[in-house]
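Trainee: Sequence:
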Amino acid sequence: MIGTSARQRTVQWPVVEPRACAELALERAASGSNVAIVFGRERSGLTNDELALCHYLVQIPTNPDYSSLNIAMAVQVIVYELMVASRANQPAAPDVRELITAAQFEGFIDHLAETMEIIGFSDERSSDKLMRRLRRLFLRSEMDADEMNILRGIFKASQEHRVRKPRKPGNG
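What the sequence shown shows, in this note's numbering, is residues 67 to 238, in sequence order.
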């Protein structure tokens with residue numbers, strides 16, 4: 067059993083903060099033990115006899131000028147910490163997006179460079195730096211196959227459009 071109290075007692079108990087209380091309660095419950103977190107009365111808290119039945123004492127850190135919370139606030143803090151701790155013990159939801167492979171990414175980068183060359187966007191003096199920056203940009207996006215295919219479709223359409231419409235002299 068874990069008791070809650072804002073007051074220091076003359077008999078010392080192991081004192082835990084709300085987060086540690088929640089972790090302790092969930093750990094004990096998972097091992098099959100019964101767990102109770104008890105709250106005292108609004109005016110006086112737990113009696114010494116009630117607290118004597120507890121294994122731990124949980125204290126919610128507060129402003130020393132207002133060291134006591136009302137019962138609803140105290141319950142809310144402890145229940146919130148229990149909810150957070152219970153979620154931490156659950157496996158993370160799997161990422162349903164299947165990201166592209168390194169080989170697919172390299173094919174994408176090659177297609178991008180080819181498209182830039184065809185549409186006249188590349189510049190020999192700065193193309194390496196530009197490609198490094200574009201590579202970083204697309205790596206940060208963590209594309210899935212559908213997203214990559216959309217962009218490659220745009221590249222293909224740009225290339226076909228450029229091939230069908232020859233450049234006019236003087237137009238860059």
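Think of the hints as simulated: they come from the structure by calculation, not from any bench.
Don't take every hint at face value.
To be verified - Quick list of simulated restraints, FRET-style, between CB atoms:
hint: 1; residue 1: 150; residue 2: 173; range: 40 to 48 Å
hint: 2; residue 1: 219; residue 2: 142; range: 46 to 54 Å
hint: 3; residue 1: 142; residue 2: 73; range: 52 to 60 Å
hint: 4; residue 1: 208; residue 2: 101; range: 35 to 43 Å
hint: 5; residue 1: 149; residue 2: 108; range: 18 to 26 Å
hint: 6; residue 1: 172; residue 2: 98; range: 51 to 59 Å
hint: 7; residue 1: 213; residue 2: 150; range: 32 to 40 Å
hint: 8; residue 1: 146; residue 2: 169; range: 40 to 48 Å
hint: 9; residue 1: 138; residue 2: 211; range: 49 to 57 Å
hint: 10; residue 1: 228; residue 2: 146; range: 18 to 26 Å
To be verified - Restricting the straight-line Cα-Cα distance to at most 20 Å, the calculated cross-link-like pairs of lysine to aspartate or glutamate (EDC-like) are:
hint: 11; residue 1: 195; residue 2: 172
hint: 12; residue 1: 222; residue 2: 212
hint: 13; residue 1: 195; residue 2: 176
hint: 14; residue 1: 195; residue 2: 183
hint: 15; residue 1: 222; residue 2: 210
hint: 16; residue 1: 222; residue 2: 172
hint: 17; residue 1: 222; residue 2: 180
hint: 18; residue 1: 195; residue 2: 210
hint: 19; residue 1: 222; residue 2: 164
hint: 20; residue 1: 222; residue 2: 176
Predicted, not measured: the structure shown is a model, and the values here were computed from it.
Backbone N, C-alpha and C fix where the C-beta goes; we use that ideal spot for every residue, glycine too.
Trainee: For every hint, state whether the structure bears it out.
Mentor: Hints, one by one, checked against the model:
Evaluation of the 40 to 48 Å hint for residue 150 and residue 173 yields a pass: the beta carbon distance comes to about 43 Å. Range check, residue 219 to residue 142: Cβ separation about 52 Å, and the 46 to 54 Å hint holds. Judged by the Cβ atoms, the range 52 to 60 Å given for residue 142 and residue 73 is violated: they are separated by roughly 20 Å. Evaluation of the 35 to 43 Å hint for residue 208 and residue 101 yields a pass: the beta carbon distance comes to about 41 Å.
Our hint of 18 to 26 Å for residue 149 and residue 108 holds, since their Cβ atoms are close to 23 Å apart. At about 53 Å, the beta-carbon gap between residue 172 and residue 98 stays in the expected band of 51 to 59 Å. In this structure the supplied range 32 to 40 Å holds for residue 213 paired with residue 150, their Cβ-Cβ distance being about 33 Å. Remark: the range hint 40 to 48 Å for residue 146 to residue 169 is upheld by a beta-carbon distance near 46 Å.
Hint check: residue 138 to residue 211, Cβ distance near 51 Å, so the stated range 49 to 57 Å holds. Range check, residue 228 to residue 146: Cβ separation about 59 Å, and the 18 to 26 Å hint is violated. For the hint pairing residue 195 with residue 172, the CA-to-CA distance comes to about 17 Å; that is within 20 Å, so the pair holds. Between residue 222 and residue 212, the direct Cα distance comes to roughly 15 Å. Compliance with the 20 Å bound is thereby established for this hinted pair.
In summary, the hint linking residue 195 to residue 176 is supported, as the alpha carbons are separated by about 15 Å, within the 20 Å threshold. This hinted pair checks out: residue 195 and residue 183 have alpha carbons roughly 15 Å apart, not beyond 20 Å. Using a Cα cut-off of 20 Å, the hinted pair residue 222 and residue 210 holds, with the two alpha carbons roughly 18 Å apart. Annotation: proposed proximity of residue 222 to residue 172 holds, straight-line Cα distance about 16 Å (limit 20 Å).
Only pairs whose Cα atoms come within 20 Å are accepted, and residue 222 paired with residue 180 is accepted, the gap being roughly 10 Å. With a CA separation close to 25 Å, the supplied pair residue 195 and residue 210 exceeds the 20 Å bound. The suggested pairing of residue 222 with residue 164 is violated, with an alpha-carbon distance near 23 Å, which exceeds 20 Å. Between residue 222 and residue 176, the direct Cα distance comes to roughly 12 Å. Compliance with the 20 Å bound is thereby established for this hinted pair.
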